[in-house]
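Peer 1: Top line first, the protein sequences correspond to chains A and B.
In terms of the working numbering, the numbers along the first sequence are unbroken and rise by one, the last being 416.
In terms of the working numbering, the numbers along the second sequence are unbroken and rise by one, the last being 160.
Derived by calculation from the structure, the hints in this document are not laboratory data.
For every residue, glycine included, the Cβ atom is placed at its ideal position computed from N, Cα and C.
Take the hints with a grain of salt, since some may be wrong.
To be verified - Straight-line alpha carbon distances no greater than 27 Å define the calculated DSS-like cross-link-like pairs of lysine-lysine that follow:
hint, chain 1, residue 1, chain 2, residue 2
1, A, Lys139, A, Lys221
2, A, Lys139, A, Lys319
3, A, Lys275, B, Lys74
4, B, Lys95, B, Lys138
5, B, Lys74, B, Lys138
6, A, Lys275, B, Lys138
Claimed, not checked - For each label pair, taking beta carbons as the anchor points, the in silico distance ranges come out as:
hint, chain 1, residue 1, chain 2, residue 2, range
7, A, Lys8, B, Gln156, 56 to 64 Å
8, B, Asp99, A, Arg227, 46 to 54 Å
9, B, Pro44, A, Pro254, 27 to 35 Å
10, A, Gly165, B, Ala114, 39 to 47 Å
11, A, Val391, B, Pro42, 40 to 48 Å
12, A, Ala409, B, Asp99, 17 to 25 Å
13, B, Gln156, A, Leu122, 31 to 39 Å
14, A, Ser142, B, Arg50, 48 to 56 Å
15, A, Ile326, B, Asp149, 54 to 62 Å
16, B, Asp118, A, Leu95, 39 to 47 Å
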Amino acid sequence: MKRYFAVLLGILTAIGGFVDIGDLVTNAQVGARFGTSLVGVVALGVVGICVFAEMSGRIAAVSRRATFDLVRERLGPRMGFLNLVGSMLVTLLTFIAEIGGVALALQLVSSLHHLLIVPFVAAAVWLVLWRAKFSSIENVLGLMGLALIGFAVALWQLGPDWGQLVAGVSPAEKPEGEGWATYAYFAVALFGAAMTPYEVFFFSSGGVEERWTSKDIGVMRANVFIGFPLGGLLSVAIAGCAATVFLPAGVAVETLGQVGLPVAVGIGKIGLAVVVLGFFAATFGAACETGLSTGYSLAQYFGFPWGKFVRPKEAAGFHIILLLATVVAAGVLLTGVDPIMVTEISVVFSAIALPLTYFPILVVANDPDYLGEHVNGPVANALGVFYLVVIAVAALAAIPLMAVTSMGQG
Amino acid sequence: MKRSQRPAVVAVLLALALLLAGCGVVSRPGPAAWDDRAAQALTDAGSEVATARLALESARKGRTWSSYTTVLLAEAEEAAGKVEEDLSRLQVPAGRADAAAHVLDLLGRAVDLVGEARAHAVSGKYDDQALLDQLDRLSDELQQAAP
Numbered sequence: 007m008k009r010y011f012a013v014l015l016g017i018l019t020a021i022g023g024f025v026d027i028g029d030l031v032t033n034a035q036v037g038a039r040f041g042t043s044l045v046g047v048v049a050l051g052v053v054g055i056c057v058f059a060e061m062s063g064r065i066a067a068v069s070r071r072a073t074f075d076l077v078r079e080r081l082g083p084r085m086g087f088l089n090l091v092g093s094m095l096v097t098l099l100t101f102i103a104e105i106g107g108v109a110l111a112l113q114l115v116s117s118l119h120h121l122l123i124v125p126f127v128a129a130a131v132w133l134v135l136w137r138a139k140f141s142s143i144e145n146v147l148g149l150m151g152l153a154l155i156g157f158a159v160a161l162w163q164l165g166p167d168w169g170q171l172v173a174g175v176s177p178a179e180k181p182e183g184e185g186w187a188t189y190a191y192f193a194v195a196l197f198g199a200a201m202t203p204y205e206v207f208f209f210s211s212g213g214v215e216e217r218w219t220s221k222d223i224g225v226m227r228a229n230v231f232i233g234f235p236l237g238g239l240l241s242v243a244i245a246g247c248a249a250t251v252f253l254p255a256g257v258a259v260e261t262l263g264q265v266g267l268p269v270a271v272g273i274g275k276i277g278l279a280v281v282v283l284g285f286f287a288a289t290f291g292a293a294c295e296t297g298l299s300t301g302y303s304l305a306q307y308f309g310f311p312w313g314k315f316v317r318p319k320e321a322a323g324f325h326i327i328l329l330l331a332t333v334v335a336a337g338v339l340l341t342g343v344d345p346i347m348v349t350e351i352s353v354v355f356s357a358i359a360l361p362l363t364y365f366p367i368l369v370v371a372n373d374p375d376y377l378g379e380h381v382n383g384p385v386a387n388a389l390g391v392f393y394l395v396v397i398a399v400a401a402l403a404a405i406p407l408m409a410v411t412s413m414g415q416g
Numbered sequence: 014m015k016r017s018q019r020p021a022v023v024a025v026l027l028a029l030a031l032l033l034a035g036c037g038v039v040s041r042p043g044p045a046a047w048d049d050r051a052a053q054a055l056t057d058a059g060s061e062v063a064t065a066r067l068a069l070e071s072a073r074k075g076r077t078w079s080s081y082t083t084v085l086l087a088e089a090e091e092a093a094g095k096v097e098e099d100l101s102r103l104q105v106p107a108g109r110a111d112a113a114a115h116v117l118d119l120l121g122r123a124v125d126l127v128g129e130a131r132a133h134a135v136s137g138k139y140d141d142q143a144l145l146d147q148l149d150r151l152s153d154e155l156q157q158a159a160p
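Isolated chain A, as found in the complex (with noise of 0.2 Å):
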């Protein structure tokens, strides 16, 4: 009975965690602006986090080890570092992004400008990576984020055409004004935030936190294979609602308030009210995960104790890194930059990023010293060299799409 109430938690909070400020922005502006035309970019990347994610997880749970522990010792320090400087650039802007998010979602309850809500933000999320159990922020903030599927029920009750949502998931359905190269670079945008780099560090590192053993793999890959797709229905259903009410009215969504008008319109106050309380659970879960990452990454890198499961006193250097990471966050929303174009760059930065995060994953995946009868089989080569040449893609067009299109303008 535990075991299986185990499972059941790991998917709840697997699905309420998938989503954060990157999703909730880059699905709701695709929404708007091409329907469902990219909804396979959608699913394509959820795949494809899926099959790193089973293979971080499987690591941390034979080799009791995270990611960037083995990627210096496998690869040398030249590829760990390489792989630490891409990785952990991004996750820091999307800590920076996810923070910022936080104090949107306040904003909308309190009407005082984010501005003046972004140290109060920092200072919790500070508090709670000192002083909460990793278990309590990733259950607590996990069930919270399923407050989303406010979307999925306001999507059912605009009644939309579904006939015509599901026939504009074809690339050849995309609206006529938008450009291919727009296209092009939201669907990298979208990959990028499907897929984003800190979510195997943070589930790898969160293995060892959780002291997974070969015997969690079963456990582990439920929440990957039922929890993570799961999510990824949040993700279309952010954009089916925009693409009902948006895109027929030509609203470009440019705000977090904007997000939530659909579910307003859809189901109202309580529903709306529900939606922004997933808002305020996605984006502070993520700003956990990714301060927690940044931390992680760092100290996995240097060789020096880390986590929530050593004392504070023990980690000195990692306490930190967290509490250093989120000065930085803080310090850099003051200069009054747009969180919204902070998470729009954070996406497709971390489209540059997957080749460095993903290819070691999968060297590492493959090596019996380290994983020993659970190396990868067949199946999950194929399908992680057929990810890393989609990866290598996407990585190579985003900088050339940003220029060309003035980042999505057209």
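Got chain A sorted already, so can you dock chain B onto it with the hints?
Peer 2: Only chain B this time, still in chain A's reference frame:
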């Protein structure tokens, strides 16, 4: 400085000069570039007007709360103002004076109307059907004006 390094230094200086040339106080686009910028401005302003319309209509039906509506409309007003300001800073190319006057008039009306909607939201007046109709009409005008 080594002789072989000179071409590289010249290239960097030329690039810097070109960069500075593009950073003038007033941007001076050609007619086609100005048309593109004007069309984009009209589309963006149309989006803000449509957002204000949706926000006010939702508030009228009791589907949002006061601070949510106020934030949405204040952000729409700020964005519409920025759109107008950005376009008005462009030097109008020859032969586009009438078009510019028309576009800037539409953008100005968008800023005013979204501002009025924001003022209504702050004072809790959501049931002004005339304002909703005005937002509707302006949204249509902006869509028609943007090619």
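Peer 1: Looking back at the hints listed earlier, which ones does the structure fail to meet?
Peer 2: When the structure is compared with the hints, none of them turns out to be violated.
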